[in-house]
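Got chain H; can you put chains B and Z with the ligands on it based on the hints?
Chains as they are written, first to last, in the working numbering: chain H, -3 to 420; chain B, 1147 to 1396; chain Z, 516 to 996.
A hint or two may mislead.
[As the list claims (entries may be wrong)] Think about it this way: if two alpha-carbon atoms lie no more than 27 Å apart in a straight line, the pair counts; the simulated DSS-like pairs of lysine-lysine are: (1) H:K342 - Z:K931; (2) Z:K861 - H:K342; (3) Z:K969 - B:K1282; (4) Z:K861 - Z:K796; (5) B:K1376 - B:K1341.
[What the hints assert, rightly or not] Cβ pair distances, simulated, as ranges: (6) H:E33 - Z:E914: 50 to 56 Å; (7) H:D407 - B:S1293: 24 to 30 Å; (8) B:G1386 - H:E415: 56 to 62 Å.
[What the hints assert, rightly or not] If the Cβ cut is set under 10 Å, some of the chain Z residues that face chain B in the computed set are: (9) F575; (10) Y948; (11) K958; (12) Y967; (13) A980.
In case anyone wonders, no lab produced these hints; they're calculated from the structure.
C-beta: ideal position from N, C-alpha, C; glycine also.
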Amino acid sequence: MNLETIIPEMAASVNWKLEGKHLLSEDLRKKALSVLENMPFPTTRTEAWKYTRLAKIRNGNFVARQEQLASNRHQIDLNAISLVFVNGHFASNLSSSHFPDGIKLLALSQMEVMELSVLGNTLPLEGELFNAFNTAYATDGVYLHISANMHIKPVIEITHIVTGTNTISHLRNVIVAEAFSKAHIVQQYVTENANTCFTNVVTEVSVAKNAFLTIDKLQYEDESCFTIATEQVTQATDSNFTINTLTLNGGLVRNNLNIAVNGQNCETHLNGAYILKGSQHVDNHTVVDHTVAHCVSNELYKGVIDEKATAVFNGKVFVRKDAQKINAFQSNGNVLLSNDATVNSKPELEIYADDVKCSHGSTTGQLDDEAIFYLRARGIGEKAARQLMVGAFVGDVFGKLTNEAVKTRVDQLLQERFEWDFVG
Amino acid sequence: MLKIENLHASIDGKEILKGLNLDVKAGEVHAIMGPNGAGKSTLASVLAGREEYEITEGTVAFEGKDLLEMATEDRAREGLFLAFQYPVEIPGVSNVNFLRTALNEIREYNGQEQISAKDFMALVREKSAIVELDAKLASRSVNEGFSGGEKKRNEIFQMAMLDPKLAILDETDSGLDIDALRIVANGVITLKSDKNATIVITHYQRLLDYIVPDFVHVLYDGKIVKSGPKELALELEEKGYDWIKAEFQH
Amino acid sequence: MGYTENDLAKDLENSEYKFGFTTNIESDRAPNGLNETIIRYISAKKEEPEWLLEYRLKAFRIWSEMKEPNWAHVHYEKPDFQAISYYAAPKQTKKYESWDDVDPELKATMAKLGISMEEQQRLTGVAVDFVMDSVSVATSFKAKLGELGIIFCSFSEAVKEHPELVKQYMGSVVPVTDNFYAALNSAVFTDGSFCYIPKGVRCPMELSTYFRINEANTGQFERTLVIADEGSYVSYLEGCTAPQRDENQLHAAVVELIALNDAEIKYSTVQNWYPGDKDGKGGIFNFVTKRGLCETNAKISWTQVETGSAVTWKYPSCILKGDNSIGEFYSVAVTNNYQQADTGTKMIHLGKNTKSTIISKGISAGKSQNSYRGLVQIHKNAHNARNFSQCDSLLMTDECGAHTFPYIECKNPSAKIEHEATTSKIGEDQIFYCLQRGISEEKAISLIVNGYCKEVLNQLPMEFAVEAQKLLAISLEGSVG
Ligand SMILES: Nc1ncnc2c1ncn2[C@@H]1O[C@H](COP(=O)(O)OP(=O)(O)O)[C@@H](O)[C@H]1O
Ligand SMILES: [Mg+2]
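For reference, chain H alone in the conformation it holds in the complex (with noise of 0.2 Å):
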């Protein structure tokens, strides 16, 4: 049987050309169609989409396409080990050839299909159309794995690029840290001369015992394209996760995280930061379930709203009924800096363990005019008093990128499109 041929009801219902060659096993991709065959699309009375509407991509004319750069003016780190792709294939002309010793880092689409069976299998499909679709249709993404024990000094960047009027990409992405292993990963999301672009990614993570991961995720596509990030993290004893998320731009974006907190003594932290105007409408769900004892988890998201832009956020945090001794933390701030600007949070706790510590806390505000006409009275230009106060508002999520060059690159990205210095 040849599955290409198999397009189910969903898969036809929508005009999107999805035709090529597609990577993940035949078990899993049959598992994926048969999701896609008995499943609606979600609409605002879908609770997990209350709050974004999907409308933009349903009704979108999308097709796939290959596309061949002649250079990648995206790298952030000039020393890193990095893997580009374009439209969701690799681009081995823009990519590294050369790795350090305890890694192995290739596109999907080089490897041995025996290789590509073990791929998948954590991430849920019932219920979950975008990731029914992307286990079905994806082709091409990143394999990465890091040996036991090793320290990979250089960032590995990652970088997707969108081009073309109309393209739609499908990522998978996979990333196995092994015991005891330490790396810092940059993923980034970008785009050239894209128009109304829509990209479903899907990264896999596993973190093994007392690895140490770190992963900074930056978004800054064009304001008429859509993209579904999700991140789906397992994590082992003893081990160390770390995301950053920085939205940009991008007109609709839907960052899903979830991280399965397996392992005692763990530590997760999850930060971000989305700065919007225009109409973009940025939307972070983020899920840390923990399952067992002695674990601590820190998520602090932070957004500025401008203009008509929306922004939502709903964090979740499972403690499980024998995961005692878990101090969970969840912070989200927002400010408003337009009346035409919105947000919706709705930071979640759910405890089933009595020893535990646990805390939420959710803020809106505007601006503090107070503050800004005491800058102004010193002398300081309302425009420059609002970049200041504004800065130092999400200036904590920065504060907790540790890699220079990503900082400099969100700066210049910050100026680019906001004209705005925010990292100090």
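For chains B and Z with the ligands alone, coordinates are given in the frame of chain H:
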């Protein structure tokens, strides 16, 4: 310094330690390794005097005194220090206040005078440098908001401040990246002398590359089932604990 | 069997009509029960002006129409309001014949609090000599305050000496209609404290009911009125930290604070009334209405450390009426054994740029129940209102309960409201950690609990804070499990 003979301990009627023997002399470093759930932390807790455990049999002599008869705080005052596997957070109580209270109570017990604020702060500065602990952490609440690595370093900092005779480090290496591990290990080595002794509990071999033990013991099912020189640790790392399990399971 | 108080009461009830309330009653104790006659009796005993009698009667009529409230998280046997005597002559200061008669447990507690021997004797009412001293101390204070125009006296005295002030402000913040217990208090209050700080005066010392504890019997229906005139400042301490063994089962006090433009009132309470025994028998029901009104640029700050009473129901609140006014609430509520506390605050934002801060620390031990109930209300015209709330609960055992009920009502979009809540458990772990470092258990508990309450204790005046810290440790002794 420490002599454990035929120690049996149980919790909620369940026997965890089942006849454990160990002899530690001044100047020695002992490593205790063993799979999860073997009873390593239980041993540490029993020695430190956690009350939930019931001692059903056996004796423990510490510097010739009956350790099991002493209250927890007196064991500490006699010079027994436990670096906790999961260091406890005490919100609102600053690290310095905590340590000054501890240090002064220990001094009082030993008939010494209270330490002056000036001398105390000098001591804090000196000892925090050993584990490269940011001076700011010393004034923050005990372990609150510390990263995993900072907590473990804080344990060693406290150990440096209290200058114990016998230090028991329970999984002080787990959850540390390689740089933090090196710092912690260096701290322990710096504090080592021929007058004190150290028991290092771990289930990862890598710590022992830094803190070289005089003896390695394998704790399995509540007993020490194998003892040997430092090479035993490597053998364990290579073969895994299944090897021990297979050998001793009945 | 002789003629008892009860017999007298019965006789009085029966002879009421015949002789009317003006009959010379030899006894200084009103018969049990509550009716208009009793209220007239109280008012007459206190030689009150007509307007105050009218005020009481109006309150009584309102109260009679009211239903006793039921609270979801508080369970107790409702008091029988007809079984209480609403007026008794000032209690004798001499409660014990000699020091040896004093309950040894009480003595031990006071010693732990670090209260001097003299003070202990005074508080238990043993030494007569000492009372003289106390009076003279109080008198010298009074002279000093008088120079500044500050009025600090009992409520009864204020009614006589400063009727215009009492008339103007009494009931202006807590109207008689406010709630069941406030109405009851308005009808039957016996005495209390009154304080007035004139314009622009900064009261140079902490005013405390402590100094006049022997002057008047404040009784179970206490009434406090503090007025800070424009630009003035006062720090007021209520109660004292010595354990009070009060036979009164029900306490229903009313406290009203008025901070006029640019004034500031800091009101601190340490309450440790009898909480009942280990099995939950006895103990005080403490149903208090406390509220302050802030005019423009004014500030009211409530700080409370509550360790006593069997049932506590209390929400010190701020009405932020004036623009730029500020309300603060700092609270530590400790419950042990079978105690129940339902406490919190209400911050009512009416004016522009009003700010409120709520820091609540609940500690539950034994089988107790501890609830935080708070309301933050931002009205339509309260532009740029700010609120920050932090409610932490500390559980000492598996059998106690901690509940948080924050209500946030916002009718103005420019408001900024932050709410944080945490629940955690004091570990045997935390204590064991301290023990392992050589710290004794007693010190360990006190370190841990005081650390947890630090933000609140820091708000108390120095001497008060020290005693409050000790009190916390005593309340929780041996309660970890
Ligand atoms: N508080 C407790 N109640 C019941 N069983 C416990 C308790 N603490 C530990 N145990 C049990 O004792 C055994 C030994 O645990 P532990 O000493 O922590 O092992 P290790 O430190 O070697 O991993 C385990 O089987 C564990 O489940
Ligand atoms: Mg252990």
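Do the hints match the structure? See the list:
Note on H:K342 and Z:K931: the hinted pairing holds, with a Cα-Cα distance of about 16 Å set against a maximum of 27 Å. For the given pair, Z:K861 sits about 24 Å from H:K342 by alpha-carbon distance, which is consistent with the 27 Å threshold. A distance of roughly 19 Å separates the Cα atoms of Z:K969 and B:K1282; the hinted pair therefore holds under the 27 Å criterion. Of the pairs offered as hints, the one joining Z:K861 and Z:K796 is violated, with about 31 Å between alpha carbons and a cut-off of 27 Å exceeded.
Under the criterion of a C-alpha separation no larger than 27 Å, the hint pairing B:K1376 with B:K1341 is consistent with the structure, at around 21 Å. Against the hinted window of 50 to 56 Å, the Cβ-Cβ separation of H:E33 and Z:E914 comes to about 53 Å, which satisfies the hint. For the hinted restraint 24 to 30 Å between H:D407 and B:S1293, the CB-CB distance of approximately 26 Å keeps it satisfied. The beta-carbon spacing between B:G1386 and H:E415, approximately 59 Å, falls within the hinted interval of 56 to 62 Å.
The beta carbon of Z:F575 comes no nearer than 47 Å to any beta carbon in chain B, farther than 10 Å, and the hint placing it at the interface is violated. At a threshold of 10 Å, the smallest CB-CB gap from Z:Y948 to chain B is about 4 Å, leaving the interface hint in force. At its closest, the beta carbon of Z:K958 sits 6 Å from a beta carbon of chain B; the interface hint therefore holds under the 10 Å criterion. This hint holds: Z:Y967 has a C-beta 5 Å from the nearest C-beta of chain B, less than the 10 Å allowed.
Using the Cβ-Cβ criterion of 10 Å, the hint placing Z:A980 at the interface with chain B is not satisfied: the shortest such distance is roughly 14 Å.
The structure fails hints 4, 9, 13 (numbered hints given earlier, in ascending order).
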